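Could you slot chain D onto chain E? The hints should help.
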Amino acid sequence: MAITDLLIFFLAILVVGGLTWMSKKGLPHQKPRSPGGNQLFKEGESLSMEASEEFTATQPPLVGKTEREAPGKLETYELPWGYGESKITALVRDPYWLFVYWEINQAKRKEIEERYGAGAWEESQPVLRVYDTTNRYFFDSRDYVEIPINNYANNWYIHVGEPNKTFCVELGRVRPDGTYIFIARSNFASTPRDRVSEIIDEEWLLLAEHEKKLYARIGQTYPGPSSPELVGSPMKW
Amino acid sequence: MVDEKLSGKVGSEVTQGYLALVLHAHLPYVRHPEHEHFLEEKWFYEAVTETYLPLLWTFEKLLEDGVDFRVTFNLSPTLISMLSDDLLRQRYARHLEKLIELAGREVERTRNQPEFHATALMYQDLFSRAHYLFTEKYRWNVVQAFKKLQDAGKIEVITTGATHGYFPLLGLQREAIHAQVATAVKVYESHFGRRPLGFWLPECGYHPGDERILKKFGIKYFFVESHGLLHASPRPKYGYFAPVYTPSGVAAFGRDMESSKQVWSTREGYPGDFDYRDFYRDIGYDLDLDYIGPHILNGTIRTHTGIKYYRITGLSDYKEPYVRSCALEKAALHAGNFMFNREKQVEWLAQILDRKPIVVAPYDAELFGHWWFEGPQWLDYLIRKIYYDQTTIKMITPGEYLQIYPCNQVATPSESSWGWKGYHEVWLNGANDWIWRHLHKAGERMVELANTYGAAEGTLKRALNQAARELLLAQSSDWPFIMKTGAMDEYARNRFKTHISYFTGLYENIKKSAVNEGWLAELEQRDNLFPQIDYRVYQSRNVERLPGPLARRAVYA
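In order, the protein sequence lines correspond to chains E and D.
To convert, note that position 83 of the first sequence is 83 in the working numbering; the numbers rise steadily by one, no gaps.
To convert, note that position 455 of the second sequence is 1455 in the working numbering; the numbers rise steadily by one, no gaps.
Okay, chain E solo, but in the shape it has when bound (with noise of 0.2 Å):
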């Protein structure tokens, strides 16, 4: 018994003399960045990056959420959690994924409730419908991809998996029996390309400034003699 009374003695002056070591030293390194960043990492190969894989999930985060109170030096301030206004918001993060934000206010909400009956709300579940608009001058209703969300999102991430092609999102309801509540539709956003060209035309631009020092020069001498007047014959063609 008392040698272990012993061990748990030892392992304390241990823990505690650690501790306290630790706390000599000053914070612990934690590797400042300057604001210019992270840029010897740019490569992608910094060991620091590889932790955040994590970003790329499609949940959104709960509405309403409240950033941590900031310790001291600044003072502190809350943003609105929206403007109140009935929207929605389309932004390409790369070519294979959009993000979308939007808010639903409270007249907006009514006026369904209005429209399609009470309860037309809570019954219905929320979706995102996502058109491919690529190339196209009118609004096709008819293809889609329809994404069904939940009631506390704000935000979503959209995998659309298609590169150089435009998009547009809308926001709506479906209610059990079928029929569609048409909320809001966003502005177009188009995903960058992710691969080289298949156009290889090429099309050559030679400045107006340059142009007009060009054709100053050899223009003196325009129109000048055709060839057939300098060869001397008739063409015939």
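Don't read these hints as lab results, they were simulated from the structure.
On a predicted model such as this, the values are computed, not experimentally measured, just so you know.
Be a bit skeptical, because a hint or two may be false.
What the hints assert, rightly or not - Cross-link-like lysine-lysine pairs, in silico, BS3-like; alpha carbons within 25 Å at most:
no., chain 1, residue 1, chain 2, residue 2
1, D, Lys1237, E, Lys165
2, D, Lys1261, D, Lys1421
3, D, Lys1061, D, Lys1186
4, D, Lys1216, E, Lys212
5, D, Lys1215, E, Lys212
6, D, Lys1148, D, Lys1098
7, D, Lys1421, E, Lys165
8, D, Lys1511, E, Lys87
9, D, Lys1237, D, Lys1394
Coordinates of chain D only, in the frame set by chain E:
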């Protein structure tokens, strides 16, 4: 087969290709008059001491020695503002004086430690020289030192977004892009006496069509990331070894991947070499609190001082003392290696292309001196070697290259950035995606204000201008960047929320025609950058209105 001896420097006296070195210097606007010592202001002091002054010193010595060179240098408008701000300049001078004092004590302390003493003397020299340059030679005006080098034809100074906003995500309001560019050009003009020829897109964030706004200000060229140019449509004939003209005539230069990797890569790049100075073993953390107290924040919070005695040594935490002479030898070796690689690259390209290629090598300026302590010396060696030791490559600015090759292929680069993963994810992810709804709303409101109050005077005008400043400050791409990657993410979130809140307050005041003068004056004191700002840069008549469905859509196959 060409005789090896002749294919080298002796035989070919003709330049076969060009190297465009581009240094991008930017800091977000950090100025806290309400606090005597503010942690984040140190970013500014460190960058000036370790990067900008040493680089200027390097360039001036090259000029004095008659070495011809060309470097394209971007000075961001927020950086220019800080370098011109009285309070920050005073604080910086005081900071330097304390640093010199610390260096002196270090020289004393290490008197009997030969392995550290030489390094201590080195820091003493470095800080004393910085002080001399800042207070005497440049007379507190560092920006003018850049102008002198530009007037001498060695440096081409370009500009970037007013507060380094991230254009592809901000550009939902075209007016927001216009305002970032217009304000930046104005700041540049007021310091350099002419308009900038080139533009550094913040983070190389390119959205097709933004160059039309650049064109309005006479900008001749901008930069995109490698794949931005490689994926251009139609396919660029020369890859990224020549610029393309966007349909509006503004040229796009693409970053070269090889030269970028040699310097940027943590594993393969030069800065990671074991003989170079280690960044993290700073005396601010290593020495006794009683001794180091006066030189760190509030005497208790350990921070970097800039005095570091160890070299990288290896991949573990075990570090050996720094030996300056070895580090400089390495820098010379690496400079030679970089030059050799560029020569080989250009020689190979010259065989398959029908024109002289340009290798565009952009880097953050802060890499040289701050992150990579020996960076400025490497640059010095490189420039001298290029000038004296060979003739294959020549340094050039993008503007000069366009004069040599005024006829270029027309193509539109693809949307891209030089951030991690090559697109917008760094600024649009779980840590920071919440900011965009606020930025877009504020942008919309600012446009509304600018359109409504076309010709404001007096207090109203001041309020409108300050609203524009607050919005610009909120638009800094640094905030979302730090939120995703940095240890100072609380600070970034606070800054963002603060500026949006101030903007909203001003917006509401203006709409109610009840501007609180006292509060306005306070804001003007605090967020005082861009004194000549004109809120009308947000008016809609400045930008092209694209018809509904064509706004923000893919036009190119």
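A quick look at each hint next to the structure:
{"no.": "1", "hint": "D:Lys1237 / E:Lys165", "verdict": "holds, 24 Å"}
{"no.": "2", "hint": "D:Lys1261 / D:Lys1421", "verdict": "holds, 15 Å"}
{"no.": "3", "hint": "D:Lys1061 / D:Lys1186", "verdict": "violated, 31 Å"}
{"no.": "4", "hint": "D:Lys1216 / E:Lys212", "verdict": "holds, 21 Å"}
{"no.": "5", "hint": "D:Lys1215 / E:Lys212", "verdict": "holds, 19 Å"}
{"no.": "6", "hint": "D:Lys1148 / D:Lys1098", "verdict": "violated, 29 Å"}
{"no.": "7", "hint": "D:Lys1421 / E:Lys165", "verdict": "holds, 19 Å"}
{"no.": "8", "hint": "D:Lys1511 / E:Lys87", "verdict": "holds, 23 Å"}
{"no.": "9", "hint": "D:Lys1237 / D:Lys1394", "verdict": "holds, 22 Å"}
In terms of the numbered hints stated before, the structure departs from hints 3, 6, listed from lowest to highest.
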